[in-house]
Every structure is written in structure tokens, then in C-alpha cells.
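Student: Chains C, G and A: place on chain Z using the hints.
Protein chains: 4
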Amino acid sequence: MKFSVIGCGKVGATIAFTAMLKNFAHEIVLVDVNSDKARGEMFDIMQCEAYEPQTLFHAGSYEDTAGSDVVIITAGIPRRHDEPRVLLLERNARLIADIVRQVVNYSPECILFMVTNPLDVMVQLAYEVSGFPASRVIGMGTVLDTARYRAFLSREFTVNARDIDAYVIGEHGETMVPVASNIKIKGISLEQFPAYSDKILTDIIDHVIATSGEVIALKGGTVFAPAVSACIVLEAIVHNASAILPVCTVNERYGAPLSLPTVIGKNGAGTVFDLALTKAEKERLDASVANIKTYVDELHSAIK
Amino acid sequence: MKFSVIGCGKVGATIAFTAMLKNFAHEIVLVDVNSDKARGEMFDIMQCEAYEPQTLFHAGSYEDTAGSDVVIITAGIPRRHDEPRVLLLERNARLIADIVRQVVNYSPECILFMVTNPLDVMVQLAYEVSGFPASRVIGMGTVLDTARYRAFLSREFTVNARDIDAYVIGEHGETMVPVASNIKIKGISLEQFPAYSDKILTDIIDHVIATSGEVIALKGGTVFAPAVSACIVLEAIVHNASAILPVCTVNERYGAPLSLPTVIGKNGAGTVFDLALTKAEKERLDASVANIKTYVDELHSAIK
Amino acid sequence: MKFSVIGCGKVGATIAFTAMLKNFAHEIVLVDVNSDKARGEMFDIMQCEAYEPQTLFHAGSYEDTAGSDVVIITAGIPRRHDEPRVLLLERNARLIADIVRQVVNYSPECILFMVTNPLDVMVQLAYEVSGFPASRVIGMGTVLDTARYRAFLSREFTVNARDIDAYVIGEHGETMVPVASNIKIKGISLEQFPAYSDKILTDIIDHVIATSGEVIALKGGTVFAPAVSACIVLEAIVHNASAILPVCTVNERYGAPLSLPTVIGKNGAGTVFDLALTKAEKERLDASVANIKTYVDELHSAIK
Amino acid sequence: MKFSVIGCGKVGATIAFTAMLKNFAHEIVLVDVNSDKARGEMFDIMQCEAYEPQTLFHAGSYEDTAGSDVVIITAGIPRRHDEPRVLLLERNARLIADIVRQVVNYSPECILFMVTNPLDVMVQLAYEVSGFPASRVIGMGTVLDTARYRAFLSREFTVNARDIDAYVIGEHGETMVPVASNIKIKGISLEQFPAYSDKILTDIIDHVIATSGEVIALKGGTVFAPAVSACIVLEAIVHNASAILPVCTVNERYGAPLSLPTVIGKNGAGTVFDLALTKAEKERLDASVANIKTYVDELHSAIK
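Residue numbers (UniProt numbering), protein chains in the order written: chain Z, 1 to 304; chain C, 1 to 304; chain G, 1 to 304; chain A, 1 to 304.
One chain only, chain Z, in its complex shape (with noise of 0.2 Å):
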């Protein structure tokens, strides 16, 4: 496996150095604007191998990034505290386009991984660009907010996290669908938990979608957990693991991109599928679809 991972900040250089310890790649190719981030990162994590496992680490050019079989793309402004996603828009639609053409003419055959944001146009803009099958361009899409669900609700009812069946779905930013109904933990309902209470569900929902803005608030950034969450989903693809984990692909049935339920595999993206919402869930849906094709507009307009 040979990775390239396209912007060292915080989140893409984390995403590395997580890669590097959980061995999924013979080879990481680092590649940032500022060639002297991507070095220092680069030697930050090859220093780590005395005691890890052996990646050979390059910070190098596209050129350098040839043959990779999966590429992660970080690159871009980070969103500021209480900045709505969607201002990103212009300033990093013609960057990431840039970069998918250099990608994509230098490793035809990789799997495209978004982490940018605003992520569901990013992917939009990544499978427009690449000319790529909607399997091969995977953003990270509530991936990430899922596992924020996910934790809440394991500290809360004292529960394994990974044992735990709830997502969020549908837009990565203000709209996106934490689904309330139908939570199972390894096939329990949540109902069913001692600690359960109507109310404990709406304050973790409430908190899931304001913590991406509060951990901004205290550390000035998030970074590990979006990391990790790229790396579970790197982990299906290195070790075909055939796992469902809600990643943002352009999803015809839609006619958008979004955050569904969906198998990944070293393929990439397989069988996309629907939760049983209730029909308030169904509505927030329709109305977080609606908004990504709002931003899917404006993506056309600024990049045409």
C-alpha cells in the first residue's frame, strides 16, 4: 500500500502518524504548500520508527505521490469557531480542484479520501473533477460525528463505543441528522438501558452537534478524533474489512453528496443504505439534502 496525503496541518499530518502506528502503508508520501511543514512532519514521524513500525516516509511533489493507492485529501483552510462550513466554499474549491487533477494524473487507479471542508462539496467537486466512479471518492463525511454520538452515548450508559449502532447522517456541518430512533447497542435498544431517559438522548444530540464548535472553543482545533476517524476508514480499505461506516459519497439516489450508511472495502464505497427514520428524522433529511445541493450550486457558480 502506498498512501499520499496531501496537506500537513494538525489533521493531515495526525492522520499520518496515525497511519504509521497502525502499519497500513508500506509508504506515505507527504505533500504540503509549504514544503518545509511537509519535511518537518516528515521527519517527525520517520523519527518514531525505532519503536514502531517501518513506513517510509517522503515529503515530496505530486510527482512523488505516483502510484499511490489511496489518496487523502486535507489540504485547505481550516474552519474557524462558529464559521458556518459553506464560506470555505470558495477559498478551497479551486485549491482542491487543483490538487484532485495533479492526483488523478499522477495515480489514476487510487482511491480519492476527502477530509476537507466543507467535506460534502469537496467530494462533489473531487468526483467532477477526478472523472472518478463515485466508489473511489470517499469523504469523510459524518464519520467523524458519528464517533462524537457514539461517545457520548458510551460514557453515558457506561457501554462499549464500538459496540454502539447510532449515526449521524447527511450533511458534514450545520445541518447535519444525529438519528434519534431505532439506537441499538449490539443489537439492545437503548431503551432498554437502566440509564435511559428521553431527556439524556436530546442533551447528548444537542452536544454532538455542538462540539465540533466547543472543542474549537478550548483547544483551538480539533485533531484527534478527526484523525482517527480517516484512519477507520483507511482501515476498511487496507484491510478489505467490509465495514459500514456513514461516509459521504455522490449518492444518485439523492442526486447529492452526502453522509450515508455505507460498506467500505478495498474497492472503496460499496452498498449505500437507508436507515428507518421516523418522519421528523425523514424531514431534517430532506432539508440537510436540500441544503448540500444549495452548497453543490454554489460550488458550480464559483468554479465555473
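None of these hints come from the bench; they were simulated from the model.
Some hints could be false.
Unchecked claim - When the alpha-carbon atoms are kept at most 30 Å apart in a straight line, the in silico DSS-like pairs for lysine-lysine are as follows:
| hint | chain 1 | residue 1 | chain 2 | residue 2 |
| --- | --- | --- | --- | --- |
| 1 | G | LYS10 | G | LYS37 |
| 2 | G | LYS22 | A | LYS37 |
| 3 | Z | LYS22 | C | LYS22 |
Unchecked claim - What follows is a list of derived Cβ distance ranges for each label pair:
| hint | chain 1 | residue 1 | chain 2 | residue 2 | range |
| --- | --- | --- | --- | --- | --- |
| 4 | A | ASN267 | C | ARG155 | 14 to 20 Å |
| 5 | A | GLY220 | Z | ALA134 | 51 to 57 Å |
| 6 | C | ASP98 | A | ALA276 | 48 to 54 Å |
| 7 | G | ASN267 | C | ARG155 | 43 to 49 Å |
| 8 | G | PRO108 | A | ALA276 | 51 to 57 Å |
Said to hold, decoys possible - Chain G is nowhere near these chain C residues, computed Cβ spacing over 10 Å in every case:
| hint | residue |
| --- | --- |
| 9 | PRO53 |
| 10 | TYR62 |
| 11 | ASP82 |
| 12 | GLU109 |
| 13 | PHE193 |
| 14 | ALA241 |
| 15 | SER242 |
| 16 | LYS266 |
| 17 | GLU281 |
| 18 | ALA287 |
| 19 | ILE303 |
Bear in mind the structure is a predicted one, so any value in this text is a computation, not a measurement.
Cβ coordinates follow ideal geometry from the N, Cα and C atoms, glycine included.
Tutor: Quick look at chains C, G and A alone, frame taken from chain Z:
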């Protein structure tokens, strides 16, 4: 196992994150003078648990650290680019003495693991303030410099860095001693490798000494290699691995804290070994120890 | 952590081997009525440590098990092909009672983990003889049958077996209840999978019930799946994972030992959950419990 | 990665099981002359996947092995207690030649990994029959004997066995050469350890030579240490680890297949190193090579 991390800067937070990935502890408490920072890191790391091992994270006070098995102290102002580590001394001595007193009060049986620079004097300080036996006051020391040495050798000779028996010993600072004689790679002499030349080895040693400053200049700090170097010591404690690592301990034979190959297990530091050195290396080590002693004297002046 | 394994047949030895690979314990003591066997397994496993985690292995007596955190009991004559598990009862009851007495004498605070068949009555026996609370007497139960169910579903529906929330509950034996209703795969209903048909599910269930005998016929015994099933329970204990697993415990509500989804952590078994069952499934579970109760009565006759 | 395992005896099956636990391959094909045995092992291992990594297991024919990256050959009648390995020769030579022809036909680019005894001649045979370069015909060789040597040293000197640079080289058989001079433990001379005495080292060496027979006598065969020894070589291939391991390859310099420290990575065997030996050790190695050459001559007679 219960860990506490005092100081949630980049290195402290990344140690906590990596320890979570490696499932070292049931519980990790994060303490920082900036409680928002600790809370932010706590959320960012605990939100990983949907895809990673389950570790109970708290952001808290010293009281919350009660009963810790290992307390990792990273607090203190980090070294600036090209700044001699010793200038950190006055700034950090009083701070660390206070921290150690608090920690020891709540966890009288813990192992103290020091990461704060200037490392060697901080180990001396923690040893004196804690009243712990030397075996339970361990500094990261040249475990980090050794990681860099082995990583560079690995890259140049295309061999697994984990197989390389090369050490940096002495001070974790300007007078560090990268030992060039007697390097073995899984028992094979370095000279037997086709790529070997004196020049290559000398260049690598120069790079080892320079790379901390280099990485700080390139990316603004060193994070991943320090975190992984801390975690290899923690792993040896958690898994009672009897691993040999060049940690820093207060050494009666030398009358100073310094880094030498040391057996690490669940009770902390065990046998400390001398390496076979050339005359020149012996002289460099003596100078390094003399340098540390000067700092220790300055410490004693500073905290009198 | 200190483990002891009582009974070094293929399953016991493979549990010890797998626990070593997973670095669960600092120390593992192997006890077998045939001390040569225990010694042979000890050498064969401890000779792995040059390439694997460091676990201190001993082949010893009950005295050597003193202070164990978990004691795994696999002793007893294994089930022969097509033999009803209950015929094992008389042969194994007296043996296991003796073992439990010895174990509890030396490790009064341990968790007893029962693997010996017929499993449910052995859990009852160990519970009575030990005087332990039910939370510290855990049987492997249908964790194994559930593994098989999920593996077959995984193969048929090309999805990660770890994501499948399907259970076998009730007796670990002829009257086991593979629950077909309400199967979720990471929250997605099985019926939503393109490959789904009633026929496929029925065939899988038939295979789950038959496969123990099938594997015994094909290779002479079942070894790896039982060992891994034991280790997932051990992992939940060692890492305090609050995982939900269908272990067997003595259940007050049912008045019998049986397997149901149960939260497992460092203190052993926690909350036990009922699954939403169809009327037919409920009847099968009642019959299974009735069957276990008959065996418990026979147990009480046998050891009177 | 696709692996095939030819021969599903205890060692072959345990290699497949351990490789699954370690997530080495997407797909593993099990082939055995007794197809029931292969099928039984396939079920027993694939039923682990509810709690372990996802590996697609097949029990099949040579046709199913097509496109394997690594083919592990363990087929052959195992050595009996006290039986000289060479008596196995005639029984196994024709069988292995047939297997190699089949394997190479379907996987012309694979790495052949030989586990069948008498090991050294089997490597020679596979090398000749396959027409592969020596780098792609690797025998487990003294990786196993070395594991035992390091494990015994580890136990006696209370040090991590992974840190020990001690080797058994030469024949994997009666004339094996445990090298006693120049043993390093992470670069520290064995003589520096407080527990060291010549007597202890001599006793350990005697034990290394005897232990294969000892374990066979005690438990009826050696299983776990051989499987783990195979897997450390597989790991070096899968993760391109450039690890130094004493595998057996056909060595031009010595004009024979023998085990020496060798760099292993994704392309198989790389540089082969000589150890610094005492005169006595050099003589023992010469005798060991001479012994192997005799067996190779017998092989050539047997398969003429």
C-alpha cells in the same frame, strides 16, 4: 492501570492520544493549568473511542489523579528554536516542584515519568522533591535522541530501526553522546553493511544532534517522536516488558541524573548498563555528566 | 494481570497462546492433571516470546495459581462427535468441583471463567462451589455459537462479522436458540441487504446448530473458534471494555444458568439483557431454559 | 495479500490462525491432501472472525491458490521423537517436488516459504524445482531454534527476548550452531548481566539443542513456537520490515542451503550476513554445512 498526564501541550496531549490507541490504561486524567485546554484535549481524544480502545478520560484537578500508577509530567514552557535547554531551568523548576508535590500527595506509589525539559535536572528535582527511590523517577532522557539515531541509521542502511542497537547517552541536551563504536543491527556490526562508510556515520551523528532544532524550525515544535518515545517507556512499564531503554535516572555511580541503557518493567527502572566506549566517547560522556552537574548546581541555587 | 489456565488440552493451550499474542497478562500459569502436558505447552508457548509479547509462563500446581485475577477452567473430557453434551455431566462434575475448590482457595478474588462442557451446568456448579457472586462466575456459553452465526452471516452478506448484531442465546448445547428476528448489521436490518432471503437465513441457522459436530467430524475437534471466543471475553475483562457478549451466568430471573447478552468489564458480568423475541423464539428459549434446569437437577443428584 | 498454506497439520493450521489474528492477508487458501482436514480448519478459523480481523478463508485445490503472494508449505510427515530429520527425506522429497510444481504453476511470482523438514534440503529442492531466484525461496530454518535460544536467555537474565541478539545458525537439525560468542542484548554484552556465568550459557545451549525433542516428548509435537516463527518471517514480508532473521536460503558462497542472519522484506530475502565467530564456532558451522551438503547429495540421489 491509571495514568495521569500533567501538562496538555502538544506533547502531553499526543502522549495521551497514543496511550489510548495502544490501550495502556483503563483511565487517563488530563491536568493543565489552563483547564479549558485539558477539557478540549479530553473531548478530542475521548471522541475517538467509537473506533478505538475504551479508555475513560477525565480533565481534572490533582485530586482526580489520586491512585495513579504512572504520572507523566510534560508541563513547562517548551524549548524555543536554538534556545539552550538550560535557560528553561529557572522558569520550570518552581513549577515542577509544585506539581511533583501535588502528584506525590495523591499517588504516593506511582512511577513519575518526566518529559519536561531541561530533562536531566527535572529528573533530579522530581527525585529530590518526591522522596521516591530512583527506580520510580524516570525521565524520557535520550530515548528520543536514540529514536532519531536509529531512524536515520535505518533509512541509510535499509534495515528495521527496531533491530538497531545504537544509543545516544548522557545529557538530553547539547552535550548528548551518540555512541558510534560498537553499533549492532540485530547483532551484526554496522561495518558489515554494504552501505557503510565513516562519512555516512559521521553525517548521521551530526544530523541526530541537529534534528531537534531542525524540526522546530520546520514545523514549529517536535511532537510525534517525543510522544512515541514516551510511549515506548510506558509500554515497558504497563506490559512489564523488561525492555532496555536509555531513560534518565538519578545515578549514584555517576553522582548525577543521566541517560544510560536501563531495564524497564512494571516497577520502573532496574539495572543500568554502561556501554563499551572508545576513549573519545568516554571523554564526551564525562563532559556531558560534568555539564549536567553544573545544571544540578544551578537547580539547587534556583530552588534554594 | 495474572491468569491461570486449568486444563491444557487443545482449547486450553490455544487460549493461553492467544492470550500471550494479545498481551493480556504479565503471568500465565498452566495446570494440568498430566504435568508433562502442561510443561510441554509451557515450553511451546514461552518459546514464542522472541517474536511476541513477554508473558511469564509457568507450568505448575494450584499453589502456583495463587493471586490470579482470572482463572480459566477448560479441564474435563471433551465432547465426542454427536455425543449429547449432557453425557459429559457425570464424568466432569466431581472433577470440576474439586478444581473450583482449589482455585478459590488460592485466588478468592478471581473471576472464574468456565469453558468446560456441558457449559451451563458447569457454571452452576462453579457458582455453587465457589460461593462467588454470579458476576464473577462466567461461562463461555453461546459466545462461541454466536461467533459462528456471525461468521456465516458475514460470509453470505459480505459484511464485517464484527459489525453483526446477531445472537445465539439459551443453552450452549442442543437447544441453543439462534435468534433470527431483529438481526442488525451495524444498525442496518438484515432484510435490507440485497442478498437477503428467508431461505438463506434458515440455512445459516441450520449450519450454526450443526457446525460443532461438523468441525469435530472434519478435523477431530474444535479449537481455534473456542479459543478466540474465550479470548474476546478475557479481553473485555482485561481492558474493562464494557463489551456486550452472550456469556453464561447464573440468572436469578430465569432461575437457571443461561447465555444472554451481558455487559463484561473488569469486575466480570454486569447488566444482562433480554432480546426482543418473536413468539416462536420465546418458546424455544423457554424450552432451552427448561432443558438446562433438567440438567441442573441431574447435576444436583450427581454431586449429592 | 493472498496467502496459501499447503499442508493443514497442526503447524500449518496454527500458522493460518496466527496470520489471521495478525491481519496479514485479505485471503488465505488452505490445501491439504485430506480435503476434510482443510475444510475443518477453514471452518474453525473462519468462525473466529466475529471477534477478529476479516480474512477470507477457503479450503481448496491448487487452482484456488492462483495468484498467491506467499505460499507456505508445511506438508509432509512430521518428525517423530528422536528421529533424525534426514530420515524424513525420502518420504518428503517427491511429495514436496510435486507440490512446488503445482504451486509455481499457479503463482509464478510468489514467495515460497518452506516449513517442511528436513528443512534445508527442502529449501534446496524447492529452489531447484521452482526455478525461482534464491531470494524467493525461504525456509523457516533456524528462526525457530533462535526463538528458543532467545526465550531461554530471556528467562534466565530477565530481559525482553525481543531485545536479544543471539542466533542459532547452520542446519535446522542436529548440527545446528548456537552462537555463544558476542551475544548482545540491545547492544549490551551478555557478560555484563549480573546473572551471567559460562555454566548458565552452556546449559542454555544444551537446552536449545534438546528442546525440540523435549517438547515432542512432553506434548506430542511442537506447534506454537514453529507457527510464531513462521509468522515473524511472514510479517517481515507483509510489512516490508527489512527485519534480520536467520532464515534458510540457498547460499552461493557456501554452496548449500543454510540459515544465516538475512534481511527480509516484501521481495523476500536480501543481504545475508556472516556473524563474527570463534574458531570453534567456525568449525561447527563448517561441519553443519558439510552435513547439509551430504543431505543435498542424498536428495539428488533420491529424486533422480
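Student: Would you mind marking each hint as holding or not holding in the structure?
Tutor: A quick look at each hint next to the structure:
Distance check on the hinted pair: LYS10(G) and LYS37(G) sit about 10 Å apart at the alpha-carbon level, within 30 Å; holds. Restraint check: the Cα-Cα separation between LYS22(G) and LYS37(A) comes to about 27 Å, which is no more than 30 Å; the hinted pair holds. In summary, the hint linking LYS22(Z) to LYS22(C) is supported, as the alpha carbons are separated by about 10 Å, within the 30 Å threshold. Taking the beta carbon of each, ASN267(A) and ARG155(C) are about 18 Å apart, inside 14 to 20 Å as hinted.
Remark: the range hint 51 to 57 Å for GLY220(A) to ALA134(Z) is upheld by a beta-carbon distance near 56 Å. Between ASP98(C) and ALA276(A) the Cβ separation comes to about 53 Å, which falls inside the hinted range of 48 to 54 Å. The hint said 43 to 49 Å for the Cβ distance between ASN267(G) and ARG155(C), and at roughly 47 Å that hint holds. Checked against the hint of 51 to 57 Å, the C-beta distance between PRO108(G) and ALA276(A) comes to roughly 54 Å, which is consistent with it.
The Cβ of PRO53(C) sits about 6 Å from the closest Cβ of chain G, inside the 10 Å cut-off, so the non-interface label is violated. With a least beta-carbon separation of about 23 Å from chain G, TYR62(C) lies farther than 10 Å from that chain, consistent with its non-interface assignment. Even its closest Cβ contact with chain G, about 41 Å, leaves ASP82(C) beyond 10 Å, as expected for a residue assigned away from the interface. With a closest Cβ-Cβ approach of about 17 Å to chain G, GLU109(C) is found to remain outside the 10 Å limit, as its non-interface label requires.
Separation of PHE193(C) from chain G is adequate, the least Cβ-Cβ distance of about 23 Å exceeding the 10 Å criterion. A cut-off of 10 Å between C-beta atoms contradicts the statement that ALA241(C) is not in contact with chain G; the least separation is 5 Å. Distance check for SER242(C) against chain G: the nearest CB is about 7 Å away, which does not clear 10 Å, and the non-interface claim fails. Annotated as non-interface, LYS266(C) brings its C-beta within 10 Å of a C-beta of chain G; the closest such distance is 7 Å.
Here GLU281(C) stays apart from chain G, with its beta-carbon at least about 30 Å from theirs, past the 10 Å limit. The Cβ of ALA287(C) sits about 36 Å from the closest Cβ of chain G, beyond the 10 Å cut-off, so the non-interface label holds. Distance check on ILE303(C): its Cβ is at least 38 Å (rounded) from any Cβ of chain G, clearing the 10 Å threshold; non-interface status holds.
Violation of the numbered hints given earlier is confined to hints 9, 14, 15 and 16; the remaining hints are satisfied by the structure.
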